[in-house]
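Novice: What follows is the residue order along each chain.
2 protein chains.
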Amino acid sequence: MELWDFENLADGRAPRVVLGVDGGSTSTLCVCVNANSSKESPKVIGRAVAGCSNRNSVGDELANAALELALAGALKNAGVPRSSVQAVCVGISGVDTRDDEERMLSWLRQLFPRTSHIFAYNDAVAALASGTLGKLHGCVLVVGTGTIAYGFTSDGRKTRCSGYGPLLGDQGSGFAIASQALASVTRAHDGRGPPTALSGAILKHLHLKHVDDLISWAYTDSSWARVAALVPVVKACAAAGDFAAQEALNFAVQELSLSVNSVVTRLGLAGEDGKKPFPLVLVGGVLEKNDSFDLVSAIVHCVCASFPGVEAIRPQVEPAVGAALLALRQSSVATCNGDMSAAEV
Amino acid sequence: MELWDFENLADGRAPRVVLGVDGGSTSTLCVCVNANSSKESPKVIGRAVAGCSNRNSVGDELANAALELALAGALKNAGVPRSSVQAVCVGISGVDTRDDEERMLSWLRQLFPRTSHIFAYNDAVAALASGTLGKLHGCVLVVGTGTIAYGFTSDGRKTRCSGYGPLLGDQGSGFAIASQALASVTRAHDGRGPPTALSGAILKHLHLKHVDDLISWAYTDSSWARVAALVPVVKACAAAGDFAAQEALNFAVQELSLSVNSVVTRLGLAGEDGKKPFPLVLVGGVLEKNDSFDLVSAIVHCVCASFPGVEAIRPQVEPAVGAALLALRQSSVATCNGDMSAAEV
Numbered sequence: 001m002e003l004w005d006f007e008n009l010a011d012g013r014a015p016r017v018v019l020g021v022d023g024g025s026t027s028t029l030c031v032c033v034n035a036n037s038s039k040e041s042p043k044v045i046g047r048a049v050a051g052c053s054n055r056n057s058v059g060d061e062l063a064n065a066a067l068e069l070a071l072a073g074a075l076k077n078a079g080v081p082r083s084s085v086q087a088v089c090v091g092i093s094g095v096d097t098r099d100d101e102e103r104m105l106s107w108l109r110q111l112f113p114r115t116s117h118i119f120a121y122n123d124a125v126a127a128l129a130s131g132t133l134g135k136l137h138g139c140v141l142v143v144g145t146g147t148i149a150y151g152f153t154s155d156g157r158k159t160r161c162s163g164y165g166p167l168l169g170d171q172g173s174g175f176a177i178a179s180q181a182l183a184s185v186t187r188a189h190d191g192r193g194p195p196t197a198l199s200g201a202i203l204k205h206l207h208l209k210h211v212d213d214l215i216s217w218a219y220t221d222s223s224w225a226r227v228a229a230l231v232p233v234v235k236a237c238a239a240a241g242d243f244a245a246q247e248a249l250n251f252a253v254q255e256l257s258l259s260v261n262s263v264v265t266r267l268g269l270a271g272e273d274g275k276k277p278f279p280l281v282l283v284g285g286v287l288e289k290n291d292s293f294d295l296v297s298a299i300v301h302c303v304c305a306s307f308p309g310v311e312a313i314r315p316q317v318e319p320a321v322g323a324a325l326l327a328l329r330q331s332s333v334a335t336c337n338g339d340m341s342a343a344e345v
Numbered sequence: 001m002e003l004w005d006f007e008n009l010a011d012g013r014a015p016r017v018v019l020g021v022d023g024g025s026t027s028t029l030c031v032c033v034n035a036n037s038s039k040e041s042p043k044v045i046g047r048a049v050a051g052c053s054n055r056n057s058v059g060d061e062l063a064n065a066a067l068e069l070a071l072a073g074a075l076k077n078a079g080v081p082r083s084s085v086q087a088v089c090v091g092i093s094g095v096d097t098r099d100d101e102e103r104m105l106s107w108l109r110q111l112f113p114r115t116s117h118i119f120a121y122n123d124a125v126a127a128l129a130s131g132t133l134g135k136l137h138g139c140v141l142v143v144g145t146g147t148i149a150y151g152f153t154s155d156g157r158k159t160r161c162s163g164y165g166p167l168l169g170d171q172g173s174g175f176a177i178a179s180q181a182l183a184s185v186t187r188a189h190d191g192r193g194p195p196t197a198l199s200g201a202i203l204k205h206l207h208l209k210h211v212d213d214l215i216s217w218a219y220t221d222s223s224w225a226r227v228a229a230l231v232p233v234v235k236a237c238a239a240a241g242d243f244a245a246q247e248a249l250n251f252a253v254q255e256l257s258l259s260v261n262s263v264v265t266r267l268g269l270a271g272e273d274g275k276k277p278f279p280l281v282l283v284g285g286v287l288e289k290n291d292s293f294d295l296v297s298a299i300v301h302c303v304c305a306s307f308p309g310v311e312a313i314r315p316q317v318e319p320a321v322g323a324a325l326l327a328l329r330q331s332s333v334a335t336c337n338g339d340m341s342a343a344e345v
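Those protein sequence lines, which keep their order, are chains H and A.
Position 123 (the first sequence) corresponds to 123 in UniProt numbering; numbering is contiguous.
Position 162 (the second sequence) corresponds to 162 in UniProt numbering; numbering is contiguous.
Calculated directly from the structure, the hints in this document are not laboratory data.
Keep in mind the model is a prediction, meaning the values are calculated, not measured.
Where a beta carbon is used, it is the ideal one built from N, C-alpha and C, also for glycine.
Be a bit skeptical, because a hint or two may be false.
As the list claims (entries may be wrong) - Here are the computed lysine-lysine pairs in the DSS-like style, where the Cα-Cα straight-line distance is at most 30 angstroms:
#1 158(H) <-> 209(A)
#2 204(A) <-> 158(H)
#3 39(A) <-> 289(A)
#4 158(A) <-> 289(A)
#5 158(A) <-> 209(H)
#6 158(A) <-> 204(H)
#7 204(H) <-> 39(H)
#8 289(A) <-> 204(A)
#9 135(H) <-> 289(H)
#10 43(H) <-> 289(H)
#11 275(A) <-> 158(A)
#12 39(H) <-> 289(H)
What the hints assert, rightly or not - Reference listing, derived: stretches of chain A covered by chain H, where coverage requires no fewer than 3 residues with Cβ under 8 angstroms from a Cβ of chain H:
#13 166 to 172
#14 183 to 193
Claimed, not checked - So these bits of chain H aren't anywhere near chain A, every CB distance computed over 10 angstroms:
#15 41
#16 77
#17 116
#18 187
#19 206
#20 253
#21 292
#22 296
#23 308
#24 318
Given the sequences, and given the hints that come with them, work out the whole structure.
Specialist: Okay, structure coming up:
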């Protein structure tokens with residue numbers, strides 16, 4: 001059965017829906033939300049997961065194939081044909097420039113010829129929307145394998161900071177934290193640096209016997225996510241008092257706060273006096289709450305020193321639902337104001 | 001025609017030879033040297049180049065295939081069959097542990113069943129030998145895409161420092177220098193750091209218009225060598241007075257000196273008072289002499305502060321010839337002392 005064949009069987013009385021997508025290098029999630037549900041409690045009636053939709057990782061063809069699979073899957077799951085889709089919002093990593101947005105929008109318009117409200121953003125925007133329930137205002141800090149800070153003003157200006165990936169210096173990212181920890185281990189092993197509890201802890205975690213074994217571990221599959229997955233070990237060592245681990249995390253806190261401050265400053269989110277309240281949405285695996293080291297509190301503390309109006313938010317819904325709420329809100333706004341493309345917002 | 005078929009046609013009066021190999025992730029060079037030539041002017045009578053022989057990059061099978069291609073090619077080129085090979089010495093990146101050495105030796109012994117002197121080392125050892133004309137004594141510092149410091153004492157002890165590759169913190173490597181420079185560019189672009197001349201220079205060098213274009217440049221082909229190839233741009237900016245470029249290179253100088261000092265200290269190469277002369281062989285693309293920034297002088301200056309007996313050597317022959325000279329010297333020593341395997345030296 002072909003991808004969209006289910007539409008022939010779809011119920012003619014299908015509800016109006018919006019689609020939200022959170023796409024990245026690991027996976028792509030699409031949710032189908034009833035367009036009549038409230039922003040506070042969005043009603044997800046279909047969802048589907050597909051593979052990597054970051055074109056920088058797998059190229060345009062595979063990325064778009066994964067995206068189409070997720071979109072079709074969520075609609076099929078909900079029993080809703082494309083003709084009932086009121087709006088689509090995709091947040092995808094690798095959509096970085098205006099050109100990237102335009103390419104994505106043009107591809108989506110072909111896939112949804114009858115949907116007038118289509119929006120394409122970086123996945124950080126979906127994460128922001130998950131904290132603000134679809135409103136494009138404030139700053140989001142995403143810290144997973146990579147890191148990015150993204151901000152929007154109520155009048156439609158936007159800016160971003162970091163998000164360049166490990167090769168271009170994503171300081172503060174999960175990869176950077178773990179990478180600095182691994183460097184401390186090799187330094188200690190060589191006698192180029194002081195001993196650190198990270199050595200024993202990381203080797204134990206990876207079931208390796210010797211520091212030299214790290215070489216074949218690292219280069220058998222040199223994915224950045226695999227390196228970043230060591231962050232919980234770094235946090236545990238830091239909590240137990242290890243200096244090198246604390247140093248890696250404190251450096252990350254400084255760098256991440258710097259990213260947020262740069263976005264807030266450039267957009268004037270905190271007003272002229274720097275004291276105006278603004279939302280700061282904090283998301284990503286590295287920022288997840290755990291007992292050993294609370295990165296979020298440390299970052300908010302740092303940002304607060306410059307911008308006391310900062311209102312930290314840990315989202316209660318997934319980024320994909322954030323994207324759907326954004327689609328819902330933007331399509332209502334667009335319908336009220338006449339048609340607007342995402343690029344003009 | 002099969003790889004070794006040429007042996008059927010080889011001259012029965014072929015000279016005795018030794019084979020030297022310098023193998024890495026980019027390519028593998030094998031030279032065939034007349035065993036009667038002097039160490040000061042080795043007579044290369046055959047040579048051949050093959051692809052990557054680093055098992056960490058391409059796996060055992062492809063790595064060994066490349067190595068066999070280079071070995072057979074150099075012998076065929078010289079018109080010499082395997083029965084005339086007195087000794088073989090391979091220096092290959094990715095041969096890091098005792099296990100790696102043993103695996104490589106066992107494979108080579110099957111390929112050269114009639115050759116009693118076979119040696120397998122990390123490629124840094126071939127580089128050392130290229131500066132010491134085959135003598136295993138002193139320290140070598142290799143700085144290319146990655147970096148490693150390796151040392152041997154006259155009585156056969158050895159140690160290494162760094163050489164873990166970019167994922168495990170090869171501070172001072174070409175990759176690390178360029179990576180730090182790229183991070184300065186993104187920091188400046190974001191307003192997270194001061195402006196730097198590196199921004200314009202790197203974009204111009206890569207024929208890119210905008211800092212955001214670096215993202216697709218970096219992840220279209222994320223090979224570490226491609227990043228490291230930016231080092232000459234960093235040197236030029238440093239020479240022109242750019243602070244961020246100077247900072248990246250000065251940090252590298254410190255880290256590389258630290259690697260050398262660690263090897264020298266651990267082996268006691270400079271004697272108890274730290275003043276005994278010892279050779280320091282300096283090789284690799286990043287250390288190549290050019291007009292803009294003399295990294296070698298800066299490193300030697302740093303090492304000299306701790307170990308005034310350091311004797312800096314820039315090799316006059318290739319690492320593969322160094323490996324051949326090492327094979328020649330070790331096989332003479334071994335013949336005098338009874339048979340010794342490389343692992344026991």
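Novice: Could you run down the list of hints and mark each one as holding or not?
Specialist: Results for each hint:
1. Between residue 158(H) and residue 209(A) the CA atoms are separated by roughly 21 angstroms; this keeps the pair inside 30 angstroms, and the hint holds.
2. Distance restraint check for residue 204(A) and residue 158(H): the Cα-Cα separation of roughly 27 angstroms lies within the 30 angstroms cut-off, and the hinted pair is therefore satisfied.
3. For the hint linking residue 39(A) to residue 289(A), the alpha-carbon distance of about 25 angstroms falls within 30 angstroms, and the restraint holds.
4. At roughly 28 angstroms between alpha-carbon atoms, residue 158(A) and residue 289(A) fall within 30 angstroms of each other, so this suggested pair holds.
5. Taking the CA atoms of residue 158(A) and residue 209(H), the gap is near 21 angstroms; set against the 30 angstroms cutoff, the hint holds.
6. Distance check on the hinted pair: residue 158(A) and residue 204(H) sit about 27 angstroms apart at the alpha-carbon level, within 30 angstroms; holds.
7. Restraint check for residue 204(H) and residue 39(H): the C-alpha separation of about 46 angstroms exceeds 30 angstroms, so the hint is violated.
8. For a cut-off of 30 angstroms, the pair hint linking residue 289(A) to residue 204(A) stands: about 23 angstroms separates their Cα positions.
9. With a C-alpha separation of about 25 angstroms, the suggested pair residue 135(H) and residue 289(H) falls inside the 30 angstroms cut-off, and the hint holds.
10. Distance check on the hinted pair: residue 43(H) and residue 289(H) sit about 26 angstroms apart at the alpha-carbon level, within 30 angstroms; holds.
11. Pair hint residue 275(A) plus residue 158(A) holds up; C-alpha atoms about 20 angstroms apart against a cutoff of 30 angstroms.
12. Distance restraint check for residue 39(H) and residue 289(H): the Cα-Cα separation of roughly 25 angstroms lies within the 30 angstroms cut-off, and the hinted pair is therefore satisfied.
13. Requiring three or more residues with a Cβ within less than 8 angstroms of a Cβ of chain H, the coverage given for the segment 166 to 172 of chain A holds, as 4 such residues are present.
14. Counting residues of the segment 183 to 193 of chain A whose C-beta lies closer than 8 angstroms to any C-beta of chain H gives 8; at least three are required, and the coverage claim holds.
15. Residue placement check: residue 41(H) keeps its beta carbon more than 10 angstroms from all beta carbons of chain A (closest about 37 angstroms).
16. Residue placement check: residue 77(H) keeps its beta carbon more than 10 angstroms from all beta carbons of chain A (closest about 32 angstroms).
17. At roughly 29 angstroms, the least C-beta separation between residue 116(H) and chain A is larger than 10 angstroms, which holds for a residue marked as non-interface.
18. A cut-off of 10 angstroms between C-beta atoms contradicts the statement that residue 187(H) is not in contact with chain A; the least separation is 7 angstroms.
19. At roughly 12 angstroms from the closest C-beta of chain A, the C-beta of residue 206(H) stays outside 10 angstroms, upholding its exclusion from the interface.
20. With 10 angstroms as the threshold on Cβ separation, the claim that residue 253(H) sits away from chain A holds: the shortest Cβ distance comes to roughly 14 angstroms.
21. Non-interface status of residue 292(H) relative to chain A is upheld: no Cβ of that chain comes within 10 angstroms, the nearest being about 23 angstroms off.
22. The non-interface label for residue 296(H) is consistent with chain A: the shortest C-beta to C-beta separation is roughly 20 angstroms, beyond 10 angstroms.
23. Under the 10 angstroms C-beta cut-off, the non-interface status given to residue 308(H) relative to chain A holds; the minimum distance is some 21 angstroms.
24. Its beta-carbon lying about 25 angstroms from the closest one in chain A, residue 318(H) satisfies the requirement of being farther than 10 angstroms from that chain.
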